[in-house]
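A.B. asks: One-letter residues, chain by chain:
2 protein chains.
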Amino acid sequence: MRIIKGGITAARGFLASGIHCGIKYKKRDLALIYSVIPSSACGLFTQNRVKAAPIKVTQSHLRENNRAQAIVVNSANANCCTGSQGIRDARRMCESVAGRLCIKPDDVLVASTGIIGQRLPMKKIKNKTALLVERLSSLASLEAAEAIMTTDTLPKQISVEVKIGRAKVKVGGIAKGAGMISPHLATMLAFITTDAAIDKRRLKTALEDAADNSFNLITVEGDTSTNDMVLVLANGLAANKVMTTEDFKVFRKALNFVCLSLAKMIIKDAEGASKFVEIHVEEARDIVQAKKVAFRVANSPLVKTALFGENPNWGRIAAVVGAADKAVRENGLNIYLGAEKALSRGIKVLGKGVALKADQQKLCRLFKRARIGIRITLGLGKFASHVFTCDLSDKYVEINAKY
Amino acid sequence: MRIIKGGITAARGFLASGIHCGIKYKKRDLALIYSVIPSSACGLFTQNRVKAAPIKVTQSHLRENNRAQAIVVNSANANCCTGSQGIRDARRMCESVAGRLCIKPDDVLVASTGIIGQRLPMKKIKNKTALLVERLSSLASLEAAEAIMTTDTLPKQISVEVKIGRAKVKVGGIAKGAGMISPHLATMLAFITTDAAIDKRRLKTALEDAADNSFNLITVEGDTSTNDMVLVLANGLAANKVMTTEDFKVFRKALNFVCLSLAKMIIKDAEGASKFVEIHVEEARDIVQAKKVAFRVANSPLVKTALFGENPNWGRIAAVVGAADKAVRENGLNIYLGAEKALSRGIKVLGKGVALKADQQKLCRLFKRARIGIRITLGLGKFASHVFTCDLSDKYVEINAKY
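Protein sequences appear in the order of chains A and B.
Heads up: the first sequence at position 37 corresponds to 1212 in the numbering used here, and the numbers run straight through without jumps.
Heads up: the second sequence at position 368 corresponds to 1543 in the numbering used here, and the numbers run straight through without jumps.
Chain A with its partners taken away, still in its complex shape (with noise of 0.2 Å):
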């Protein structure tokens, strides 16, 4: 596998483009990925009981065959809350951009993040569909990334290469995040492209597994935003043979490694995050209630504060393990601190449920990296997981406020 150039456009037959159709007052807010061909295609989709408009119309279109040439996406406006003129607006943006492309309107998906409760400006959109179309280019990746993006200060796009059989066969994609991710709720989508040819049941069962070490795992499951929406279009173009049980082991590969490189970036990127956290979670009786203190102690805002603050005071994760579950045993639980990737020299803070001599000197040394580990072992079992978050700064606070 090698890392390659293009994002959602490195896929053989894939073009993307990101314009302004005045959604934003000045920046790019308007995304479309096309396939030259009918893709294969599927979807995850936002648990919240409350769905935007386009969740429900992408997933009607899918639905029908898992297939589509097309995603449409706006940025700056959820479409969300807004009824059944909500649907028809989500209708017509995937019209609008068939027609021009002269495709089947059931063969483009749609997906839009931004403020909830205000109808989509939907004269902007159609004025500009042209447009968007004619921009179509093997060049615009990252204008579509930028076309995607709220509160995200960088683009997020990242493809990759793999040999499958004779074929090259190549994975690309794009994703905008922002909000604290963590206790999030603020919209994360991701696209993803690819020439493979694979059938959809497998396509399928690949997109699950990746997110669900990848973006599942920056986001608390059944906990997500209106809007939150993982596409995957594979078009068949790298002409693969049918996949042995091999070659898909290595398609998977690819998929997940796509997954999540773009999730750290989300979280990198996270609104005012200036460290990159990553929690384990040891000696769980089952991996849920390894995830359920891992989430735990991401979402706690003391912990967050803490780790803004470059201050060791594991006092705090100490206490919020113990409010995670009912059997953890105060006993059985060690916390250790360390740089990330390097977890297994992390410095041993609390041992069976008491508080250890640790080098403070060396604790607020640790702090100041930009990446931190935590592992936390519950001495009650076998299984472990874990989970990336980042801090809670000031900064969070003032561009919450403000949005």
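One or more of the hints may lead you astray.
Stated by the list, open to error - The calculated label-pair distances, taken between Cβ atoms and stated as ranges, are:
1) A:N1388 <-> B:R1377: 52 to 58 Å
2) A:Q1536 <-> B:C1539: 48 to 54 Å
3) B:K1343 <-> A:Q1222: 55 to 61 Å
4) B:R1546 <-> A:R1377: 42 to 48 Å
5) B:M1176 <-> A:D1387: 44 to 50 Å
Hint data in this document are derived by calculation from the structure and do not stem from the laboratory.
Glycine included, each C-beta is placed from N, C-alpha and C at the ideal position.
Guided by the hints, dock chain B onto chain A, whose structure is given.
C.D. replies: Just chain B now, with coordinates in the frame of chain A:
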């Protein structure tokens, strides 16, 4: 019922003191509450699985006979994650006070709040026990309230008088809070005294009920700090006759008022808080669901920062409600924004899941107030609950980054 002066020393036979022993740099950090005769006593304790030593010692002292005559409290050190040494230290605090007061160590209860993982400076505490007892006075409630503070900016005390038969019965208390309280894990301590003659079973019932309608509405159940404790002492010196059912109601009303007053003071003085926010959830399937939704909205950093920014971005509320419970139905959801205590006149912004045209200027004015009410109706049933919370400010981050 009338509000009277005196706080924790308002009830007959109760004395208090608050001094500086040297755990904090300069401010008071050691408090004593004392009844001239042994009192009925009961308490409520943290559900956290990591429990501080004073929690364990106080629980064991109460278990025997539900009796106590004194409460000793230190701030600035939680005596938590301190192992068997911590237990010995907490016991010694009781013994030291008991020795000076010539009472049994078992009749002394102990509480701590502050940093986790450091041994109590026992020498400093012991050296000042004589002074602590010497300073006992019926005028020193405020000193005691000050001595239990951590990042609180104001001491918190209240007392009331009610008539039970011919007797005047007094109930008073002090508390400390701080922390964002809702996503909390900042220690909450509350101590309440009364001269009512009341049997222990009734005292416990009344305390549990009062806490459910006050302290438990500002903190998620089972998700408390390592040191949370609410204690009540009743010494019977009001010499009221055995309470009738009516009398018991009067007593409960007084206790409820004291607890709710202290709980509200805690929210108003939460770290960096600039708004007092009341969140009402109605038409829930059951109380558990109503509470769950209310707490999720109250704990959402995105909602809290919008409140701080005086930004009536109710879309965030809708998104949090949709993520809070799988039973939520988008087309049954209404949201009203209104001034606290005037909820019926709230402005409806979401009707059956669809945004309504609300007067934006009016909403902005509303969000500039110091007290804000949010009302959410789920359309699922007949149950309701509410929760008190505050906003999330840059000051909160500043305080917690350093502390």
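A.B. asks: Next, verify each hint and record whether it holds.
C.D. replies: Each hint tested on the structure:
1. A:N1388 <-> B:R1377: 52 to 58 Å: 56 Å, holds
2. A:Q1536 <-> B:C1539: 48 to 54 Å: 49 Å, holds
3. B:K1343 <-> A:Q1222: 55 to 61 Å: Hint holds: Cβ distance 57 Å, inside 55 to 61 Å.
4. B:R1546 <-> A:R1377: 42 to 48 Å: 56 Å, violated
5. B:M1176 <-> A:D1387: 44 to 50 Å: 57 Å, violated
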